[in-house]
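Asker: For reference, the chains in residue letters:
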Amino acid sequence: MTSLDIERTLKLPDGGDIGPVQSGFKLAFREFAQNKLAITGLGILVFFVVFSFLGPVFYHGNILVSSLLTTNSPPGAGAPLGTNNQGFDELGMLMKGGQASLEVGFYAAFFGAAIGSIFGAVSGLAGGLVDAVMMRIVDVFLSIPYLFVVLIVAVRYGASVLSLSLIIGGFTWQVPARLVRGEVLSLRTRDFVSAARVAGARRMRLIFRHLLPNAMGVVIVNVTFQVADAILAVAALGFLGFGLTYPNQDWGDMLSSGTQYIQDGYWWQIYPVGICIVLVVMACNLVGDALRDSVDVRLRRR
Amino acid sequence: MIGYIVRRIGTAIVVVLLISIGTFALLHAVFPSPALMVLGPKSNIVVINAWNKQNGFDQPWIEQYLRYIGNVFKGDFGYSYKQDQSVTSMFASRWQGSAYLSGASLVLSIVIALPIGIYQAVKRNTVGDYTVTSIAFILYAMPVFFLGLILIQVFALDLHWFGYGIGRTLTFWQALSDPHDLVLPVATLTLITVAGFSRYMRSQSIDVLAQDYIKVSRAKGLPERLVLGRHLVRNASLPMVTLIGLSIPSLLAGNLITESLFNYQGLGLLFYESLGNADYNVMLAYTLLGALLTVIGNLVADIALTVADPRIRLA
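Chains as they are written, first to last, in the working numbering: chain A, 446 to 747; chain B, 6 to 320.
For the record, the hints were derived by calculation from the structure and aren't laboratory data. Here a beta-carbon is modelled for each residue, glycine too, at the ideal position from N, C-alpha and C. A couple of the hints might just be wrong.
As the list claims (entries may be wrong) - Listed next, with one range per pair, are the computed distances between beta-carbon atoms:
hint, chain 1, residue 1, chain 2, residue 2, range
1, A, A559, B, S94, 39 to 49 angstroms
2, B, N268, A, S605, 21 to 31 angstroms
3, A, G573, B, F78, 27 to 37 angstroms
4, B, R12, A, S608, 37 to 47 angstroms
5, A, S511, B, I18, 49 to 59 angstroms
6, B, A34, A, L482, 38 to 48 angstroms
As the list claims (entries may be wrong) - Here are the simulated DSBU-like cross-link-like pairs (lysine-lysine), alpha carbons at most 35 angstroms apart as the crow flies:
hint, chain 1, residue 1, chain 2, residue 2
7, B, K128, B, K225
8, B, K47, B, K58
9, B, K128, B, K220
10, A, K471, B, K128
11, B, K47, B, K87
12, B, K58, B, K87
13, B, K220, A, K481
14, A, K481, B, K225
15, A, K471, A, K481
The whole structure should be built from the sequences, with the hints applied where relevant.
Answerer: In C-alpha cells form, the structure reads like this:
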C-alpha cells in the first residue's frame, strides 16, 4: 500500500451515512421531474397531442367542403378561430394540421435516430478503414444542404405523412450517427463488452444487446431536438407549397395561405397557427435541454 | 501546419466530388429527363426518345455525370430549358443579391451575438440574462417565415418604416445604396441566426470566465473592460468560428425561405421557381453550390481555427 492509498482509506466514511443505491435511470428521472421548465414543455406537448388527436372527436369544424358564403370570416359564432379563403374552419384545420405536423416530427426523428444509431454503432465497432469510410459518408451527408434535397424529393414524389417522414429522416441521421459512434468507441473497451465477446457474442448481438442500449441516453436527448427540427422542416415545406395536400393539412400550409391576406388584416389565419408551431418546437427544445442535463452526469446538480 | 492544411483541402475536394456524384445520381433518379417538360406532356414516345438521344439523356447516368462535371470545370452548369438560357448566366445576374442577404445577415449575427453572449455570461442568472435567454429561445423555435411575417406586419404595414417585397435583381451597390426594402429580409435572417449563435456564445463565455487566466488577470488588477475585451472575447469566440462553418446549411435554407417570402430575386427564389418547373439543371447547380459553400465554410473555419489557436495545431 502506498501512502496515497492509505490516505484514501483513512478518508473513507465508516459506513452508516451511505444512502440506498439508486439506478441511473431513477436519478435521471428525478432530476428531470424537478426541472420546472421540462415539466412545462412536456405539458405543452401533451396538450397539443390531446388537442390534435382527441380534439376532432369533440369539435367538428368544416374542413372538407368549401363554402363560398363564409370565406375569410373573422372569429365568431360557429367558427371560434374564423375561416380561411375556402371557408374552412381554422380551429378544425389547426387540429388536423397538428396531427400531421406532430406525426411527421416524431416519425422523422425516429427514422433518423434509428438509421443513425445503427450506422454509428457499426462504424464505431468496426473501426479502422470501415469506420473512416463510413464517417466520410456522414461528412458528405452533413455538407448537403438538406432542405434543398428534401424539397426536390418531396416535389417529385408528392407529400404524405409517411413520405415526408422518410425523406426528412433519411437526411437527418448524421448527428445521431456521430453521437452513437462516439459512445461506442468508449463503450467497446469496457469490461462488459469484452466479457460478452469472450462469451461468444456475435457483432449483431454486441450492437443490439450491449452497445446500443448503453448509448441510448445521448440518442434520446438528440431525438427531442430532431423532432423540433423536423416540425420546422415540415412547416417550411408546407409554407413553400410542397407540403401535404388536400384533404390533408399541415401547419406550414395554413400559414402559407394566410400570408396572401396579411394586408387585409386577417390575423386569425396567421397568428394562431404560427404560435402553435412556436409552442410545440419550444416545448421539444425545453424537454431536450432538460433531458440533456439529467442524462449528462457532469451537468447534474449535486 | 502546411501538411495539415494540404490534407484538409484534399479531403474537402474528395467530399465535394462525392457530393456531386450523390446529388447527380439522386436528381437523375428523381427526374430522369427534362424531355416531357421541353416537348410538352402530350408528346409522342418516339419524339421523346429521339430528343433524349439527341441531348444525351439516353446514356447511363455515370456517363452523363462525367460529361456534366467536365462542363462544370469549364464554367458551364448546363441549360435551363424552362427559362431558355444558360444556368451560368442566370446565376451571374442573381448571385449578388443572395450574397448580400446571406453575407450581411451572417456578419450582423456575429456582431450581435458576441456582445450579447458575453453580457449574458457576465450577468448570468440576472433578470437581463433570463430576458435575453427567453427571447433567444422563442426566436430559436420560430419558423423563418413566421418571424418574417411578424416583421412585415409590424414594421412595414403598421409603422410604414420599411418596404417589403423586392421584385428585381440587385447588385451589391444597389443593395448598399438603397436599403429601404432590404432591412426586413436581412433582419429576419439575422434574428434567426443570432438566436442559434447566442446560446453557444453564452455557454462558451461562462466556461471561459471560470478559467484561471481570467482570475489571474483580475487579480493582477487589470480593468474589467480589458479582462473581457482582451482575454474573454478571444477565447470565447474561438468555437464560434467552427459554429459559423457549421451554420452555413441552415443559413442557406433560411436564405431560400426569406427570399421566397419577400419575393427577393436571388438564387434561393430561382431554386424555388425551378422546383415548380422541374428545372433540373437549376436545381442541380444550386444544390451543388450550396454543398460547395458548406464544405468551403467548414474548411476555412478549421484552418482559421488552427491559425488562431496554436494549441489545436493538429499537424
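Asker: None of the hints should be skipped; say for each whether it holds.
Answerer: Okay, the hints, checked on the actual structure:
no.	hint	result
1	A559/A with S94/B: 39 to 49 angstroms	44 angstroms, holds
2	N268/B with S605/A: 21 to 31 angstroms	29 angstroms, holds
3	G573/A with F78/B: 27 to 37 angstroms	34 angstroms, holds
4	R12/B with S608/A: 37 to 47 angstroms	40 angstroms, holds
5	S511/A with I18/B: 49 to 59 angstroms	54 angstroms, holds
6	A34/B with L482/A: 38 to 48 angstroms	44 angstroms, holds
7	K128/B with K225/B	22 angstroms, holds
8	K47/B with K58/B	19 angstroms, holds
9	K128/B with K220/B	17 angstroms, holds
10	K471/A with K128/B	34 angstroms, holds
11	K47/B with K87/B	17 angstroms, holds
12	K58/B with K87/B	19 angstroms, holds
13	K220/B with K481/A	33 angstroms, holds
14	K481/A with K225/B	41 angstroms, violated
15	K471/A with K481/A	17 angstroms, holds
Comparing the model with each numbered hint stated earlier shows that hint 14 is the single one that does not hold.
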